[in-house]
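Protein chains in written order, with this note's numbering: chain A, 1 to 444; chain B, 1 to 444; chain C, 1 to 444; chain D, 1 to 444.
These are calculated hints, taken from the structure and not from any lab test.
One or more of the hints may lead you astray.
One copy or two, either will do: identical chains are not told apart, so a pair holds if it fits within one copy or between any two.
Derived pair list, reagent style DSS-like, types lysine-lysine, alpha-carbon separation capped at 27 Å [stated by the list, open to error]:
#1 LYS342 <-> LYS117
#2 LYS326 <-> LYS351
#3 LYS325 <-> LYS233
#4 LYS30 <-> LYS313
#5 LYS233 <-> LYS275
#6 LYS261 <-> LYS325
#7 LYS261 <-> LYS109
#8 LYS233 <-> LYS326
#9 LYS140 <-> LYS173
#10 LYS110 <-> LYS80
#11 LYS19 <-> LYS309
#12 LYS275 <-> LYS261
#13 LYS233 <-> LYS80
#14 LYS261 <-> LYS173
#15 LYS309 <-> LYS342
#16 LYS117 <-> LYS233
#17 LYS117 <-> LYS309
#18 LYS325 <-> LYS351
#19 LYS261 <-> LYS30
#20 LYS351 <-> LYS80
#21 LYS80 <-> LYS326
#22 LYS173 <-> LYS233
#23 LYS110 <-> LYS309
So you can see what is in the structure, the chains are spelled out below.
Number of protein chains: 4
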Amino acid sequence: MFSISQDLYNYPEISGEEKQSSEKFKMILKEQGFHIHEFPEEELKYAFYAEYGKGHPMVGLLGEYDALPGLSQKGGSMVKEAVGASEPGHACGHNLIGTSAYASALAVKKYLEDTGKEGTVRFYGCPQEELLDGKVLMAKYHAFEGCDAGFSYHPWNANFPVYQGFLAMNNLKFHFTGISSHAGQAPGQGRSALDAVELANMGVNVMREHVISSARIHYVITNGGEAPNIVPKEASSWYYVRAPHRRDVNEITDRVLNCQKGAALMTDTTLSYEKVGGCYEILPNHVLFQLAHQNFHEMEMSPYTEEEKNLAKVLSMSLPEEQLKKDREVLGMETEGSYIHKETLSIEAAKSYPISGSSDIGDVSWLMPFSAIFTAAWPLGVNAHTWQSASASGSSLGQKGMLYAAKIMAGMAVDLMEKPEILREAQEEFRSRTEGNPYVSPLG
Amino acid sequence: MFSISQDLYNYPEISGEEKQSSEKFKMILKEQGFHIHEFPEEELKYAFYAEYGKGHPMVGLLGEYDALPGLSQKGGSMVKEAVGASEPGHACGHNLIGTSAYASALAVKKYLEDTGKEGTVRFYGCPQEELLDGKVLMAKYHAFEGCDAGFSYHPWNANFPVYQGFLAMNNLKFHFTGISSHAGQAPGQGRSALDAVELANMGVNVMREHVISSARIHYVITNGGEAPNIVPKEASSWYYVRAPHRRDVNEITDRVLNCQKGAALMTDTTLSYEKVGGCYEILPNHVLFQLAHQNFHEMEMSPYTEEEKNLAKVLSMSLPEEQLKKDREVLGMETEGSYIHKETLSIEAAKSYPISGSSDIGDVSWLMPFSAIFTAAWPLGVNAHTWQSASASGSSLGQKGMLYAAKIMAGMAVDLMEKPEILREAQEEFRSRTEGNPYVSPLG
Amino acid sequence: MFSISQDLYNYPEISGEEKQSSEKFKMILKEQGFHIHEFPEEELKYAFYAEYGKGHPMVGLLGEYDALPGLSQKGGSMVKEAVGASEPGHACGHNLIGTSAYASALAVKKYLEDTGKEGTVRFYGCPQEELLDGKVLMAKYHAFEGCDAGFSYHPWNANFPVYQGFLAMNNLKFHFTGISSHAGQAPGQGRSALDAVELANMGVNVMREHVISSARIHYVITNGGEAPNIVPKEASSWYYVRAPHRRDVNEITDRVLNCQKGAALMTDTTLSYEKVGGCYEILPNHVLFQLAHQNFHEMEMSPYTEEEKNLAKVLSMSLPEEQLKKDREVLGMETEGSYIHKETLSIEAAKSYPISGSSDIGDVSWLMPFSAIFTAAWPLGVNAHTWQSASASGSSLGQKGMLYAAKIMAGMAVDLMEKPEILREAQEEFRSRTEGNPYVSPLG
Amino acid sequence: MFSISQDLYNYPEISGEEKQSSEKFKMILKEQGFHIHEFPEEELKYAFYAEYGKGHPMVGLLGEYDALPGLSQKGGSMVKEAVGASEPGHACGHNLIGTSAYASALAVKKYLEDTGKEGTVRFYGCPQEELLDGKVLMAKYHAFEGCDAGFSYHPWNANFPVYQGFLAMNNLKFHFTGISSHAGQAPGQGRSALDAVELANMGVNVMREHVISSARIHYVITNGGEAPNIVPKEASSWYYVRAPHRRDVNEITDRVLNCQKGAALMTDTTLSYEKVGGCYEILPNHVLFQLAHQNFHEMEMSPYTEEEKNLAKVLSMSLPEEQLKKDREVLGMETEGSYIHKETLSIEAAKSYPISGSSDIGDVSWLMPFSAIFTAAWPLGVNAHTWQSASASGSSLGQKGMLYAAKIMAGMAVDLMEKPEILREAQEEFRSRTEGNPYVSPLG
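Taking the hints into account, I'd like the entire structure generated from these sequences.
Put into structure tokens, the structure is as follows:
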């Protein structure tokens with residue numbers, strides 16, 4: 001397993017270019033007797049699923065493998081040290097995600113072989129998580145149909161099953177078209193598209209007071225005109241709208257769109273827009289959450305070596321002191337000398353742990369009973385998308401977190417196969433939560 | 001004449017309240033044998049016209065008599081000195097306007113009596129010029145129909161007939177309605193009407209670059225909310241839109257309105273608006289302009305006494321030096337020691353003299369061939385709506401300018417009656433300038 | 001007791017004008033043998049405290065008695081029904097607050113008499129809570145010094161002791177001065193104070209994204225100029241800045257002030273500002289919170305009559321259904337048919353109950369160990385500052401909540417006198433929470 | 001001459017890269033016996049002057065030779081037709097400017113040879129006019145010292161000497177630096193540099209009302225952030241500030257800078273800025289203007305062939321009809337069938353002809369008595385920087401305008417050498433206009 005995650009780490013591929021990484025997984029899964037399902041669609045060329053076993057229950061394990069641009073980092077190094085300048089790197093630890101799902105899938109296969117039970121395990125090869133649309137596209141092409149439950153792992157600086165979290169979001173680009181004119185000679189004849197972008201942004205800023213305070217709206221200006229002496233004919237902005245619940249995202253998106261329309265009206269320009277992407281928040285499944293929590297306790301994290309502890313300490317201490325302090329506070333850790341989370345969060349602490357980014361695993365949670373787990377693969381204080389998270393993801397520290405997660409997910413899968421009533425309850429909960437509120441693709 | 005203008009000066013009445021002033025004119029005109037025409041409409045209760053003679057040509061003379069709030073000033077005083085604190089005052093010299101038109105009307109009457117010629121002279125009693133809507137309302141009720149030509153006078157600090165000038169304008173009030181909520185507890189449930197006002201204003205400010213640079217758009221916020229802890233349900237702004245030509249005012253008004261609509265869309269509020277008023281710029285009539293210029297030269301201004309010269313000097317010098325300097329520059333005056341304009345501007349200088357306020361005499365110029373004349377009733381450097389202009393308007397300085405104007409207007413009226421070809425030409429020019437571009441009441 | 005609260009209800013006096021109400025309390029407390037302490041300061045003319053007993057422990061009970069403008073309402077009425085149009089009314093139930101503290105003070109007096117123990121009870125007559133500065137001013141004049149612990153009551157639609165809550169806040173007024181000019185003729189010479197107000201507001205709106213999301217910043221424009229044709233020389237805005245912690249309010253206030261300063265710089269205007277008021281959030285005291293919770297259970301609310309239940313139902317149902325639903329959700333009430341909260345919230349539910357307004361009782365909590373309690377004096381769904389809360393506050397429904405609160409506060413006071421170790425613990429907690437973070441008057 | 005202008009046309013070099021073009025002029029001027037003066041400074045590597053004769057009067061002729069990016073066009077073509085896609089082209093006709101000055105210099109040389117008079121002619125090789133800083137840099141290195149008068153030519157669609165015109169300007173870039181943070185997870189920790197750019201722009205838009213209405217302020221946003229999920233740490237804008245007089249540009253620039261500073265204060269970001277460039281308006285010299293006007297009449301434009309007339313017609317008609325109409329109006333042309341300006345504008349018309357772009361020849365006019373002339377090298381309706389102006393500049397149509405200009409400038413130079421009193425008067429006027437208001441380099 002270690003060599004697989006290390007291979008991925010050493011050949012980082014960014015979202016949409018995961019050719020080698022997906023090929024590698026297909027190859028090794030095929031060798032293990034899994035049946036590979038590919039998608040004919042161009043936009044799903046690096047997506048697939050690999051299936052072992054037959055009939056139900058069918059459990060899905062979500063593997064990811066995309067890296068981040070410009071974050072190349074030598075694995076296990078104690079300092080910021082790129083392998084190749086401006087090369088990509090696994091600073092979000094997706095090398096561990098893919099490998100953990102793979103390891104878990106093999107364990108379930110072994111259980112099915114050993115017991116001869118009916119049941120299927122699917123490894124989902126999920127590209128471009130960082131673009132937040134890989135699984136959304138897969139969902140659009142029905143890739144997740146047929147599964148009875150799904151699990152997913154993400155490396156973190158703490159051990160706990162996710163109850164709820166991630167923000168639902170939309171990703172939009174707005175383009176305004178006005179009338180160009182010489183800004184020195186005939187400004188009165190021009191209609192500035194940049195004016196529209198700026199007024200729309202002001203509208204949104206003013207609106208911040210009047211949305212739920214957990215909403216997040218952020219933008220950049222991607223085209224702000226060519227040169228001052230030309231009234232800008234074209235100008236563009238790029239927005240994310242996020243909120244804890246998709247219904248709020250949709251409502252706020254409508255209002256953001258109204259700000260753009262209002263700005264077009266104000267400035268005598270025309271608006272066009274693209275819905276680039278979007279995703280759901282995680283739909284809680286209390287049954288699977290509890291099952292996960294139980295497996296956290298049943299499985300064991302391998303003990304850390306002195307070397308690993310030292311790496312954790314150095315990485316933690318390379319960060320602003322507040323981050324470490326804050327993490328310890330959130331995790332309820334009192335030991336001063338500790339740089340890595342070893343316990344599992346309590347049910348309550350796990351439930352209220354704030355997870356504020358976005359992920360397309362949210363969409364999967366609206367398509368089947370779903371559970372995501374986080375394990376301590378990174379030292380305390382370390383956030384995703386940093387050289388520290390990259391370094392840890394390329395070290396044995398990360399690999400221990402990954403293997404712990406693989407054991408937990410396999411344990412959960414086996415539990416569902418052994419005790420069908422748990423799966424039934426989980427599905428019942430899923431049905432009741434989604435009733436009258438079915439999944440609608442954020443891509444429209 | 002002097003006592004009439006002085007009486008008006010001593011009983012200043014603001015726009016919409018010119019009861020005594022209009023009664024006075026009706027009385028003395030009646031005494032002189034003029035036939036009084038009143039309007040049954042409530043909104044024209046202080047408007048009227050008084051007619052003498054029969055048939056055509058019919059010449060109209062526009063009299064005004066409204067004062068300005070809070071500008072009470074002792075006439076002829078060399079210092080700022082109110083008669084009654086926060087009382088109104090004739091700081092725009094409309095006491096001279098009314099009286100000048102009256103004096104001129106009497107002279108024309110005399111000419112008609114003496115010659116026995118056919119012809120009619122009308123004195124128009126025009127209220128609320130300061131609200132810029134008296135003549136607009138009168139026009140709406142067809143008060144100016146039947147006249148062949150019209151003249152009007154305004155006291156100024158220079159002698160010249162007006163060729164073009166005053167800005168056409170619209171006067172609008174915008175009201176937004178949102179949803180109130182407790183700003184501390186539930187801001188997300190509120191929709192702020194004040195947000196809408198502010199965003200609309202920003203839209204207009206951004207638009208300034210993209211209108212003709214002679215346009216003027218200005219606003220105040222008349223309702224900006226009650227208290228900070230309440231998301232404002234109601235908020236309002238008040239706008240003037242001005243430009244040298246009415247067609248531009250209309251176009252820019254549409255765009256200002258779009259800014260308001262855009263802001264309502266952005267903020268999820270609703271918009272209502274009132275078109276409070278509006279007026280036209282002066283439509284040039286070159287024939288009458290030349291006739292006026294000729295009469296400026298044919299008539300004579302009475303010479304100033306030493307006392308008057310001294311008053312002029314003191315009033316001029318009570319102002320920032322630049323104003324005096326600028327006036328001298330604009331008027332091409334080189335004499336250092338002079339504080340009052342004695343010559344008449346040349347044709348070219350008169351044509352290019354900038355007049356940037358607004359006046360409802362503009363509307364009359366779109367309804368008949370029209371000429372406005374300005375004479376030096378105020379010292380150099382003195383602007384309208386100041387205590388200096390009030391003081392001069394209540395002194396013999398103002399009265400001399402007023403009488404000079406009365407002579408010029410009478411001279412012009414007689415010329416039109418003597419030489420019908422001039423009137424024909426003036427009417428021809430009027431027709432050609434308004435062809436395809438007829439008067440449309442700014443009040444809609 | 002009922003007649004006292006009813007008397008106050010029937011003579012509502014707004015903040016800063018509580019002459020009769022304060023006189024009444026002084027009179028009846030004097031009659032009961034309390035010693036009255038008044039303040040010589042003009043701004044504290046309706047503040048006082050009344051003391052009974054001697055030595056320590058000294059317990060303070062905070063009484064309030066100010067009403068709200070324009071919210072006159074007939075007590076106990078089932079419909080919106082003013083006693084006097086645009087008269088004030090007790091829509092925040094401060095009549096109950098004053099009376100509850102009074103009743104509680106009498107009970108403690110009786111305990112002291114009966115037992116002959118050493119100890120003192122103080123009734124604090126606290127004016128202008130609605131202005132959020134009565135107790136802040138009292139604190140400035142050291143009114144709260146000497147007390148060992150303090151209690152306060154507020155009518156609500158639920159029964160629980162407050163752990164933490166209310167937002168700390170600052171109340172500021174900003175005034176800009178520019179240069180007036182004629183907006184049509186010489187806009188380039190003007191410097192608009194309104195421009196400054198609007199740009200400062202935009203700066204604040206843009207800043208919303210970059211403050212903690214629990215912060216609340218809201219404003220109105222109190223002077224937005226006189227008339228469109230005059231570039232506004234003067235313009236003003238009025239702001240509240242709120243956040244869960246005073247240190248955040250201070251930091252955000254500095255940034256809001258920078259927005260104003262930046263706007264002055266942008267517009268070539270000058271800024272002056274007034275710090276009108278401000279207050280603290282409630283500093284939790286876990287020891288007193290637990291003591292209060294225990295007393296909620298030891299005391300009993302008198303049972304409701306059918307008439308009262310019916311009033312509650314009608315008032316609840318006069319509101320949008322969501323409010324009732326939301327309240328039931330927050331309070332964990334499942335009974336469909338219930339319109340009034342009868343249980344006491346659990347420790348956990350009380351701790352996490354969101355209280356998002358502001359109150360100057362917060363300041364008192366930073367000056368002594370403090371506990372505030374809320375009881376169900378209003379039906380479910382009813383918010384403060386409504387005709388429904390007024391009606392209930394003037395009915396026996398409100399009085400029952402009030403008496404329940406009086407019993408609880410008296411119980412707590414007696415507990416502190418009986419068990420000095422509890423008081424010691426509460427004081428120890430207070431010291432540790434305020435260490436290095438002493439109270440600084442929001443009024444500077 | 002034709003082949004020289006054509007050679008330049010065929011090897012267009014953009015501003016800052018005029019290696020071949022400057023070399024060519026140096027070579028042919030050297031061949032003609034001119035002495036070449038180069039500048040050691042790196043930033044003047046394509047600038048030079050070439051001198052013939054000795055002593056005074058010394059007359060300077062300004063040659064330019066830079067082309068425009070992306071405007072490649074086949075000379076004399078009737079359609080938009082690039083020679084090389086995205087190659088530069090002489091769409092501003094600077095090939096004609098350089099050659100005209102050269103031709104004029106040769107004629108003056110011949111006059112000096114023929115008469116044996118004392119006197120000097122200088123050809124100035126002036127690079128990067130399109131960047132508006134070539135002559136500003138040359139002035140900084142004293143390149144224009146020693147000249148008694150200077151002339152310059154620009155191809156246009158009309159024949160007249162320039163009295164005044166071009167807008168003085170400043171060219172500035174503003175850079176803000178804030179604090180980056182994850183916009184979804186920790187927006188409160190970020191300080192957006194883009195917020196600062198947008199607020200500064202709003203400040204400037206609001207300021208538009210309060211500057212002289214002939215001012216022009218325009219901007220683009222050159223860096224508006226990277227991606228929505230990152231609070232932008234860096235953001236930049238690029239501004240031009242223009243006005244008829246340099247003193248206004250300076251004052252408005254200070255205020256624009258205050259808007260930036262105010263925005264930095266509002267947003268807790270820091271500002272840095274670059275003064276990229278700037279130039280003066282043309283300082284009128286009435287003496288030389290009249291001399292130029294006289295020479296327009298003394299010299300003759302070669303008659304156009306049918307082919308040239310046809311090219312003019314086709315180019316004119318390829319444009320929106322209004323442009324042709326407007327040009328005819330401005331030029332007072334009534335002939336419907338005419339597509340090229342043949343007369344010379346009257347003194348009055350030339351004086352009031354609006355020229356609203358900017359040019360670094362303005363700076364030269366503040367360093368010596370100066371006259372610029374425009375001739376009809378482009379058809380009516382054709383503006384600079386279009387394929388039509390490029391095509392004409394590369395055709396015999398352009399060359400005829402160019403030669404006419406060369407004759408006029410040579411005639412003026414000879415006049416100054418023949419009649420020293422004219423030069424004295426021109427210099428006296430120059431002295432009086434610049435007294436107390438000396439040239440200060442816009443580059444600081």
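Verification of the supplied hints:
no., hint, in the structure
1, LYS342 <-> LYS117, "neither (35 Å within a copy, 55 Å between copies)"
2, LYS326 <-> LYS351, "both (18 Å within a copy, 22 Å between copies)"
3, LYS325 <-> LYS233, "between (50 Å within a copy, 25 Å between copies)"
4, LYS30 <-> LYS313, "neither (40 Å within a copy, 68 Å between copies)"
5, LYS233 <-> LYS275, "both (22 Å within a copy, 26 Å between copies)"
6, LYS261 <-> LYS325, "neither (45 Å within a copy, 35 Å between copies)"
7, LYS261 <-> LYS109, "neither (54 Å within a copy, 63 Å between copies)"
8, LYS233 <-> LYS326, "between (47 Å within a copy, 23 Å between copies)"
9, LYS140 <-> LYS173, "within (21 Å within a copy, 46 Å between copies)"
10, LYS110 <-> LYS80, "neither (40 Å within a copy, 72 Å between copies)"
11, LYS19 <-> LYS309, "neither (35 Å within a copy, 63 Å between copies)"
12, LYS275 <-> LYS261, "both (15 Å within a copy, 25 Å between copies)"
13, LYS233 <-> LYS80, "between (43 Å within a copy, 21 Å between copies)"
14, LYS261 <-> LYS173, "both (13 Å within a copy, 23 Å between copies)"
15, LYS309 <-> LYS342, "within (12 Å within a copy, 54 Å between copies)"
16, LYS117 <-> LYS233, "neither (66 Å within a copy, 57 Å between copies)"
17, LYS117 <-> LYS309, "neither (41 Å within a copy, 61 Å between copies)"
18, LYS325 <-> LYS351, "both (21 Å within a copy, 24 Å between copies)"
19, LYS261 <-> LYS30, "neither (52 Å within a copy, 61 Å between copies)"
20, LYS351 <-> LYS80, "neither (34 Å within a copy, 44 Å between copies)"
21, LYS80 <-> LYS326, "within (23 Å within a copy, 51 Å between copies)"
22, LYS173 <-> LYS233, "both (17 Å within a copy, 21 Å between copies)"
23, LYS110 <-> LYS309, "neither (33 Å within a copy, 65 Å between copies)"
Hint check: violations occur at hints 1, 4, 6, 7, 10, 11, 16, 17, 19, 20, 23; the rest are consistent with the structure.
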